[in-house]
Structure formats: structure tokens, C-alpha cells
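Residue numbers for the sequence shown, in our numbering: 1020 to 1194.
These are calculated hints, taken from the structure and not from any lab test.
Note that the structure is a prediction, hence the values are computed from the model and not measured.
Do not rely on the hints blindly, as some may be mistaken.
Said to hold, decoys possible - Derived CB-CB ranges, DEER-like:
1) Arg1058 <-> Ser1029: 25 to 35 Å
2) Arg1058 <-> Met1126: 13 to 23 Å
3) Leu1047 <-> Glu1104: 30 to 40 Å
Beta carbons: idealized from backbone N, C-alpha and C, even for Gly.
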Amino acid sequence: KLASLPEVHSLPLDHPRPAQQSFEGALLHSRLDAQVSSRLRAVCREHGATLFMGLHAALSALLSRYSGASDIVLGTPVANREQPEIAGLIGFFVNTLVLRAELTEDMSFGALLQQCRQTNLEAYANQQLPFDRLVEALQPQRSLSYSPLFQVMLSLQNNEEESGSLPGLTVSSLA
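Go ahead and model the full structure; you've got the sequences and the hints to work with.
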């Protein structure tokens, strides 16, 4: 599924790509309004997909539209705590998954969502493969000016609680 990935995304850039990455960039935090979020969740439920799978499909469609490319590759972090030996440990065990969406001009959002659902399930099933080993196995063209395999990452934080309590202590969100 990951053979012959595009070397680099085709998104239009506002300035030439530097010869070497500076790792200076931007982070876009965004919240969907309640109505859009509710509708997306309903579409996801209709297709047996999670909210993340729906966002993967939506972002892939958006990137395809802006870039003119039909082969969209994203990365996403996973907690990587599937092994019982590390489940109780404190530490950073995050791995990165590579998610590919191949769009066609006449593809419906439902069809794209189903494709992204399947891609995500397959990626989760193989999440124990370290990203660096995947890069070694695929042997992509390497350059200091961009990351291998993907240059756009999607992460969803949907486990935030507004408040909580502990014995003798009340915790609430400041934002």
C-alpha cells in the first residue's frame, strides 16, 4: 500500500523550499463549530468510521483540491502502547503512522471515507513497526529539504475534559 509514494507533497508554497529544513514552521489549531462537527460525526457513524477517519478523509480531499494531486499522504502519531510490557511504564513511546488516500475525480466523500477507514484500520494493525524501519524498507528519495514519506501531519485531541475532581481538590480548564 505504501509502495511508490509521492516523493513530496504538491501543495503550492509561498516561497521556495529551502535546501535544508529549518524545522521552523507553524502549527494550526482549529475547532470545528458545533453544527459542522455534529454533521461530520453523523456521516462517520453512517459509514462505521471514527471522527479521526472522517477528518483524515476531509483533510485528504482539501489537500487534493489545493494541490491538484490525487495521491495524498499524511502522517499521524499513535501512542504505541499495545505491548503489555510497556502499558504501565511512564515514557514517550509514540510512533508515526503513514496514511495514504488515493482520490479520483468522481469519488464521493462516502467512498473516500470508506477508503480512509480501511487505511486507518490497516495502519493501526501495523502500528508496532517503527517509523524509521518503514523508511528503511521503502527507501524513499531522501533530501534535507523535506521529511521522508509525508510532510503533512494530522493529529486529533478529542479526550480533553473540561473539569475533574480528586479527593479534596477540584480541577478545571483555564481556557
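Mind checking the hinted window 30 to 40 Å against the Cβ distance between leucine 1047 and glutamate 1104?
-> Once the Cβ atoms are compared, 36 Å apart, the range 30 to 40 Å for glutamate 1104 and leucine 1047 holds.
How does the Cβ-Cβ distance of arginine 1058 and serine 1029 compare with 25 to 35 Å: does it lie in that range?
-> Hint holds: Cβ distance 29 Å, inside 25 to 35 Å.
Should the hint that arginine 1058 and methionine 1126 are 13 to 23 Å apart at their CB atoms be regarded as holding?
-> At 19 Å between Cβs, range holds.
The structure is consistent with each of the numbered hints, conforming to all of them.
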